[in-house]
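Following the hints, complete the assembly by docking chain Z with the ligands onto the known chain L.
These protein sequence lines are chains L and Z, in that order.
Under UniProt numbering, the first sequence has 90 at position 90, and the numbering climbs by one with no breaks.
Under UniProt numbering, the second sequence has 151 at position 151, and the numbering climbs by one with no breaks.
By construction, these hints were calculated from the structure, which means they are not laboratory data.
Wrong hints could be hidden among the right ones.
One copy or any two copies: either way a pair holds, since identical chains are not told apart in the list.
[Unchecked claim] Pairs of lysine-lysine residues, derived as DSBU-like cross-links and limited to a Cα-Cα distance of at most 35 Å, are as follows:
1. LYS15 x LYS178
2. LYS94 x LYS15
3. LYS202 x LYS162
2 protein chains.
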Amino acid sequence: MELLFLGTGAGVPAKERNVTAIALQLLEERRATWLFDCGEATQHQILRTSIRPRRIENIFITHLHGDHIFGLPGLLGSRSFQGGETPLTVYGPKGIRAFLETAISVSSTRLKYDLQVIEIEEGTVFEDERFAVIAKQLDHGIPSYGFRIVEKDLPGTLLVDKLKALGVRPGPIYQEIKLGKTVQLENGMVIDGREFVGPPQKGRIITILGDTRYCEASIELAKEADVLVHEATFAAEESDLAHDYFHSTAVQAAEVAVRAGAKKLILTHISSRYQGMLSEQLLVEARNVFPNTQLAADFSSFPIARKK
Amino acid sequence: MELLFLGTGAGVPAKERNVTAIALQLLEERRATWLFDCGEATQHQILRTSIRPRRIENIFITHLHGDHIFGLPGLLGSRSFQGGETPLTVYGPKGIRAFLETAISVSSTRLKYDLQVIEIEEGTVFEDERFAVIAKQLDHGIPSYGFRIVEKDLPGTLLVDKLKALGVRPGPIYQEIKLGKTVQLENGMVIDGREFVGPPQKGRIITILGDTRYCEASIELAKEADVLVHEATFAAEESDLAHDYFHSTAVQAAEVAVRAGAKKLILTHISSRYQGMLSEQLLVEARNVFPNTQLAADFSSFPIARKK
Ligand SMILES: [Zn+2]
Ligand SMILES: [Zn+2]
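Okay, chain L solo, but in the shape it has when bound (with noise of 0.2 Å):
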């Protein structure tokens, strides 16, 4: 599982950093990359990686300013372009539908697989056996949504040598053992399972927000994550600026970040006033507040790894 982020900056291109979209790599989980925002320009990114867009399964569109949607058009057409067959689901505000679909009909794109939009509301937009992502409003002017993706625990591994030592030979009965049920032996003993599991692997957390002022939602969705993706729009002195136009400052993040209680904050979504050295400033201001604070740049990647 890795962040791999794609576009870091706010609301034009730079040559510094791209508009906003962000990948979470889930390679060893599902064999798949989901996005998070998908600005313009964001295929070309996607070339520079070792992303393959016939990989990505999932889409989760924050909220629908342009500098977040306005790459998704192009990068369904070259999905399709480039072979991708499998299906490929769109989550976002109201009104991602009628966008998707006015583009794809006036540009007569025929897309070889299955695309799914959904529009979203509050709540549990995903949930499969491993993963559910849950949605909820932030404050951003229009409807602007984060997302606290869950990976579910897994189950402790079968204590194989355990059972051997007891004479239990492989066979249906070690998939009882595994789900800890209690079960008869050949012998007439009887055992509990659950003292043949190891202990559940503890699933992972990850929490990416869309665009958004200070507000409680964030620290919600933020509760525990392993990683909280924060916008840090401006600088702790512009907070007037932040406040007026519905963003936020490092500080602002980084305190969302010690109010959840999250063990890594990534900071994004930078405005082009910060170039070079500059951004740094963004990164001493939130590190006051939460040490564990990374300043991300285009192609930055964090791994996540799971917990012990």
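Quick look at chain Z with the ligands alone, frame taken from chain L:
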């Protein structure tokens, strides 16, 4: 007057060539830039040139395939964000309005300038005292237009020395003479204005075609053009493929140039199958038919000199 190629690839962006956009720089003529097509990341390409988005006055769209229009919403938004306040007009086939209106409204983009969208048909789509743009439909499966940009002839300059030699002093009469009228001087002498005006400066003709098969409309649009910009998606050996996909080979582009009596041919819209040296093949093939051919690369520029 200069052509600056911003994207010279076909279908999908590649590292070497972005999708289609061409700038016609009219800085001396009207302190303006006109764009022809606007594929995704055209605004990113512009960042690497001296083009100022606020100077973009007209955008002509040849056809609605995604690789020719998906950069429009972002460019229009960024032009406003960067302080562009003068009006801008987009000309394109039916459907361009629905595309732009949906993208702009869904993304809550607020433009600080007047955007006019004109859905074109064949005929004169733009005209003022200096330029006219004539559109004709090509052969591309969906409506695809070619544009003939005609610079009007400039009237000759007044031969002031010759007038002064006759004793004619500057005054309102100079205007009459410049218009070629026959006038009576103060001393009773009658002169023919046309004898006191230099030869008119011939205007230039630039023909920029959308994607197309070889067709007669291309030849009409390119008649005697100073420069013909023609797609060359395929090499000669792939002429069946070119036909099936409604595209042209480099040789077909050259044949259009020959039959139209164009002075110069520039090839663009090159399939990504012809990378690096392979693209030279297209140039060689075209030059065998029409020697004055160039192959455009991203950021190639071609000045268009005034006729002597
Ligand atoms: Zn936003
Ligand atoms: Zn086309």
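Exercise for the section: Can you give me the call for LYS15 and LYS178, within, between, both or neither, at a CA distance of at most 35 Å? Expected result: Answer is neither; intra-copy 54 Å and inter-copy 50 Å both fail.
Practice task
First find the shortest C-alpha distance between LYS94 and LYS15 inside one copy, then the shortest across copies, and answer within, between, both or neither for a cut-off of 35 Å.
Solution key: For LYS94 and LYS15, the Cα distance is within 35 Å both inside one copy (31 Å) and across copies (34 Å).
Handout entry: Intra- versus inter-subunit Cα pairing at 35 Å for LYS202 with LYS162
Key = within (23 Å within a copy, 95 Å between copies)
Comparing the model with each earlier hint shows a violation of hint 1 alone; every other hint is respected.
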